[in-house]
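From first to last, the protein sequence lines stand for chains A and B.
One point on numbering: in this note's numbering, the residue at position 54 of the first sequence is 54, and numbering is uninterrupted.
One point on numbering: in this note's numbering, the residue at position 26 of the second sequence is 26, and numbering is uninterrupted.
No false leads were mixed into what you were given.
Calculated pairs, DSBU-like style, for lysine-lysine (alpha carbon to alpha carbon, straight line, at most 30 Å):
| # | chain 1 | residue 1 | chain 2 | residue 2 |
| --- | --- | --- | --- | --- |
| 1 | A | LYS78 | A | LYS113 |
| 2 | A | LYS54 | B | LYS23 |
| 3 | B | LYS111 | A | LYS54 |
Derived by calculation from the structure, the hints in this document are not laboratory data.
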Amino acid sequence: IVLTQTPLSSPVTLGQPASISCRSSQSVVHSDGYTYLSWLHQRPGQPPRLLIYKISSRFSGVPDRFSGGGAGTDFILKISRVEAEDVGVYYCMLATQFPPLFTFGPGTRVDIK
Amino acid sequence: EVQLVQSGAEVKKPGESLKMSCKGSGYSFTTYWVAWVRLMPGKGLEFMGIINPDDSDIRYSPPFQGQVTISVDKSINTAYLQWSSLKASDTAIYYCARHVPAEVDYGDNLKPYFFDYWGQGTRVTVSS
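Just need the whole structure built from these sequences, with the hints factored in.
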């Protein structure tokens, strides 16, 4: 499975919305009907942190300006109003029951215009 | 508070061995698999492998099978990642992460889902 993210780089304006797409080379739907697609954010010099899991479930403590959506092979992360702390690299990740088990997208770098 | 605390940065020469650690606290360590993820300079995240601290069941990502060894000592809530002979291409930051299992029955003890907590990372530099 290959995950493709677009764009790979995104200069954004503070207070404006932003979105990142993640496309999977094949659809992986588990027995519960869900695709286990998550989104992570890595600020410079920091470890990754979980934002979204199971396409659209926001992890504990994640601001509600972050939302996830999609189905099948196409997924999206949206930021309703970008704040300065949102800079960094965003990764989508797909969990599968077959090797390699976890696949990351290439990452999208977000910075402020 | 869930925490994964990794060992400090390492500077090594090619051919040397290395064993890094990841100590979990604030939760039942044997309940959650622990994964290792690589971040090479200028590259993206790569899943290396995952271990069940309860029974040491290990799954390696194919590119890393035979290249690294993952282990655990559940008596001290610590997972390990080790190399017997480092290469310059092993220069990277290595993260451990706690895995949350999916609530589906695969007939397998590992139910891949997502990683919720991450260690701070261990930077490894391999240079002659």
